[in-house]
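Undergrad: All you need for the working numbering is the position in the sequence shown, starting with 1, plus 865.
Hint data in this document are derived by calculation from the structure and do not stem from the laboratory. Any given hint might turn out to be false.
Below 30 angstroms or equal to it, Euclidean Cα-Cα: the simulated DSSO-like pairs (lysine-lysine) are [to be verified]: (1) K938 / K948; (2) K1001 / K1044; (3) K922 / K1001; (4) K962 / K1074; (5) K1044 / K922; (6) K948 / K1001; (7) K962 / K1089; (8) K1074 / K948; (9) K938 / K1044; (10) K1089 / K1001; (11) K922 / K948; (12) K1074 / K1044; (13) K938 / K962; (14) K1074 / K1001; (15) K1044 / K1089; (16) K938 / K1001; (17) K962 / K1044; (18) K948 / K962; (19) K1001 / K962; (20) K948 / K1044; (21) K938 / K922.
Ranges between beta-carbon positions, derived for each pair [claimed, not checked]: (22) A1095 / K1074: 24 to 30 angstroms; (23) G867 / M1069: 35 to 41 angstroms; (24) W1092 / P1032: 35 to 41 angstroms.
Owing to the predicted nature of the structure, the values given are computational and were not obtained by experimental measurement. Every residue gets a Cβ at the ideal spot worked out from N, C-alpha and C, and that includes glycine.
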Amino acid sequence: MGILEWAHRRETPAQRRAWELIKAAARIGFPTVPGLHRLLLAERRFRRGPLHLLWNKVYREPLLRLQCEQVGKGLVLFEGIPKIMGNLRVTLGARVKLNGEHVWIASGDGRPRTLEVGDDSGIGFGAEIIVGDSIKIGQHVMIANHVTLVGYDGHPLDPFARARSEPPGPEGVGPIEVKDYAWIGSHSIIMKGVTVGRGAVVAMGSVVKFSVPDLTVVSGNPAKVVWQIAPPEGW
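Let the hints inform the model, and build the full structure from the sequences given.
TA: Right, dumping it as structure tokens:
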């Protein structure tokens, strides 16, 4: 047991006194020393700016390329390398932007699964992509932070089958496709068998269980069409 946990219990006079001392210490402010802290701030900006970008280019991006079937020119990693699990064949188009802390999983029986990301598409921070069959993300697609694409249920509905650690049946697996120019809002979930139409928008926090028509806005759980987008010139 750590000292903080011990003191937080406040069961004895000694614990209560220790907790008061810890709270008092937490309220103490350290004064800003202009010369010292300006130097520390400059170091932090350099470390998290140019040095961070250089580290991505010479270390993280080459390691990601080695794990992919194909990667186009202009790949940009803003944070860490996606964690790739299972027999996943990844194809990234040109100028793809990945904003770190992703988990990409090939689910199922170990057979190869495919993940494709088209040119000029971007995936935000904390994305989780679970490939049951295949997942295809088109060109110019915007996927915001903490979006989950779930192409595999993981477990069957039958409780006895779950207890026996059996996988789901064929009904628990399906492809996902996000077509060109679509935009998926943060904390949304796209379920197996869904196609998000060209130019469609999924509002943040939505759970998409059914395919989304082109140029529509969907919202809710389950997501429903709430708006029709006027086709832009040249569409």
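Undergrad: So which hints don't hold here, by number, going up?
TA: none
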